[in-house]
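Asker: Here the protein sequences come in this chain order: A and B.
Just so we're aligned: the first sequence equals residues 1 to 727 in my numbering.
Just so we're aligned: the second sequence equals residues 1 to 92 in my numbering.
There are no misleading hints in this set.
Not the full set, but computed from the structure, chain B residues with beta-carbon under 10 angstroms of chain A:
#, residue
1, Phe8
2, Leu11
3, Glu53
4, Leu54
5, Lys55
6, His57
7, His59
8, Lys65
9, Val86
10, Pro87
11, Gly91
In silico DSS-like cross-links for lysine-lysine, where the CA-CA straight-line distance does not exceed 27 angstroms:
#, chain 1, residue 1, chain 2, residue 2
12, A, Lys44, A, Lys33
13, A, Lys643, B, Lys65
14, A, Lys16, A, Lys255
15, B, Lys17, B, Lys40
16, A, Lys450, A, Lys67
17, B, Lys40, A, Lys307
18, B, Lys17, A, Lys319
19, B, Lys17, A, Lys307
20, B, Lys55, A, Lys259
21, A, Lys267, B, Lys40
22, A, Lys42, A, Lys721
23, A, Lys307, B, Lys65
24, B, Lys25, A, Lys307
25, B, Lys55, A, Lys267
26, B, Lys40, A, Lys319
27, A, Lys327, A, Lys207
28, B, Lys55, A, Lys319
29, B, Lys17, A, Lys267
30, A, Lys320, B, Lys17
31, A, Lys255, A, Lys267
32, A, Lys67, A, Lys35
Since the hints were made in silico from the structure, they are not lab data.
We treat Cβ as the ideally placed atom computed from N, Cα and C, and that holds for glycine.
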Amino acid sequence: MAILGELSYDLKPVKKGYSGRTLYINLSTNEMKIKPVTDEMKEKFIGGKGFDLYLMWHSMPKDRIIKWDDPENEICIASGPLGGTTYYSGSGKSICTAISPLTGQIIDSNVGGYFGPYLKFAGFDALEIQGKAEKEVVIFINGDDGVVRIEEAEELPEEAHLLTQRLTENYSTDKSEREKFRVSVVSSGQGAKHSKWGVLNFSWFNKKRQWASYKQAGRGGIGTVFKDKKVTALVCRSPRVNQTLNNPADIELGKAVGKEHNLEIVKNDPLQNEMRIVGTAHLPEIMNDFDLLPTENFRFGAHPTLKGDNFPYSRDVFKKVYANLGKGVDSCWFACQIACSHFAKDYTLKTGHLKGEKVIVDGPEYETIAGCGSNWGVWDTDCVLEANFWCDTYGLDTISVGTGIAFVMECYETGILNKEITGGLELKFGNAEAALALLHQIAHGEGFGKIVGQGIAEMKKYFVEHYGADPQFVQDIGMEHKGLEFSEYVTKESLAQQGGYGLTLKGPQHDEAWLIFEDAVRGNLPTFEDKAEALWWFPCWRTWFSLNGLCKLPWNDVIPPDNNENPQKPLTLPDARAKIPKHVDWYAQYFSGVTGRKSSADDLVSMSERVYNFQRIWNVRQGRGLRKDDSNLPYRAVGPVTKVEYESRSEMYDKQISEDIGQDITGKSTEEKISILRKYREDGYINLQDAVYKRRGWSPKGCPTIDKVKELGIDSEDVVKVISPHQ
Amino acid sequence: MVITVNFFGPLAQWAGKKSFIGEGKTIHQVFESLEAQIGKSVLDHILNEGTGELKSHFHVLLNGKDTELMEGLSEIVHDEDIITCVPPVGGG
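Chain A on its own, in the form it takes in the complex (with noise of 0.2 angstroms):
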């Protein structure tokens, strides 16, 4: 095989959670450098997604902004400080980040797998790659000898299972289990090239597998800018992974709470969601009878009729798709002990050129039951597992698949679409084989679904152009905002998460601010005071756990059992149990135990905020990150649009009409109350996004303020020129 460029490097231990350095590659013209990790980015960046994030700023060009398809992006990739500890459940995290090619600003996804803290093992912190090759390349990471090669690719299969185990193989030192465990693989496939849902598959070998199984940085299509990078796969072989490879300041302090946490895990899950056994699959029917499923593209939030024992996504129906082989079968990075990487064997396909083959499926995970079932009016595990295994496989992200898809049908069944423009494909509700169909179409760039895969904000324009839908309608049932589909929760009834969709950095993705139970079941957040402190309290905490490279689950979906005791009555934040305090003490102790800088609870959310507001900043500078890109969400995701889904939950709209609006609902049409309420929600939104701003110390525009950027140091010249502007 050619090799395009190579670049020898010390091997040097890793000290206090840093290998120290950074590896920079352009693939326009194959150079290679390493940067130093400056005390600066340590201190005010932590590592993770601010390590990308600032990477990416002083990397590419500050005069224009910056499309997802010009050379100049970068894709990085980095762990974190805690990333790669063995002892501490969830703390084997990549964080990836690019211009995303749907929103034309930072996107940033959240992975397992086990490439970033072997990248870290083999000498780096983070990756960052710019440049395109000419033609389709494979990078090699050899943590073994110090040398990193960018190679041509050659006869590699196109399937990302059967790419990921072909190069486990090949980079592995030897054909055995011990020595393909050290190898990590990311890779993208075909859809990702055809479409803008391109999502990077990171690898981790199992030895009971006896297979590499891989989990997905799905949001916002990075996948697609690797593949537009002609990048075939990156690959990483680390040193053998002991408990000091990270070579923490304090192994003893993070031990001790890592062994706590860890046993109130294992002791804790089996009486509550049951993760170990069946991951985030307990939700479905959690979500079913609480009205927040996503069903037939957000118009409802559950099944029909069935409910409890008939539910057809039930933890139980769950529990005989996964194959639980065991202890230690799980866990996307050692030592795991919420393990909730459950995956399906033996399932045989029904659809595609393998059809009739028996293969793995890396899951279902709730996101994916509801994009590619309810969302879809489906109600068949066959048909999860299906989408599952091909959006993987083709490197597509399920939730934009399944939103997108649920968007299409509805637009089916309302008249925009029909049989000639879909060239045949009955798309309405619950027809799992047209839907499928779609699938395989948008993953081939063929036929309609080369206009699908091209995302819900393009579809809106192309429908309104070409077929003459009604812009306000598309826009209204159209699951997008600021360009990334909406992931699975609808949000009607919770003011407080449209603000967690809506007044996000990267779009409508639920990892900055999960607040529906607190707000909508709950009814912890009455004020809109509350919710903005939410809205500023979550974001930043949970920012933190990709500054570390660390997973989320741990800290909050196993309860401690004596949370409810913590003084947290009143029930209104910031003492809100949904804080989970003692975990938030728990991580200050583990970051001070890897990092020997002593840290409280405090102060890492004052981490998070610098890196959050840092990333609003970078938005700025791309021409977006301001009000008018956090305004107008779909009104599917605020209030009912349609007469249907009014009349299906008319006591509870009646009620709001009557006693929180204070106007007379009798001998009102459904139009008309549909038009009160939506007044009446909208205006809720626009006072939410003020108190919200007010909280973040941002602007009314919706931009860090000057005084803000001074408060978090990070008021650098350059900073201040994109700002300025917007105060």
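Following the hints, complete the assembly by docking chain B onto the known chain A.
Answerer: Frame of chain A; chain B shown alone:
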């Protein structure tokens, strides 16, 4: 008076099924009424023995709203109300 009680997750396994019909004037009484059907005490299972408070593993909701914002298990129930007992949910 017909009150539906729905259990989720391990609590449903413990009770033997997900959905029950109970009776009583308060949530507390409705839970007591289930003992004959389940063969064991719901209250003993979900309350801390010492404090009598609801264990952190459970939220009890009445018609979709948290009973902590009402009178707890002393809340009065009405015909066709739905009581739901769920584990804490953190979201994805």
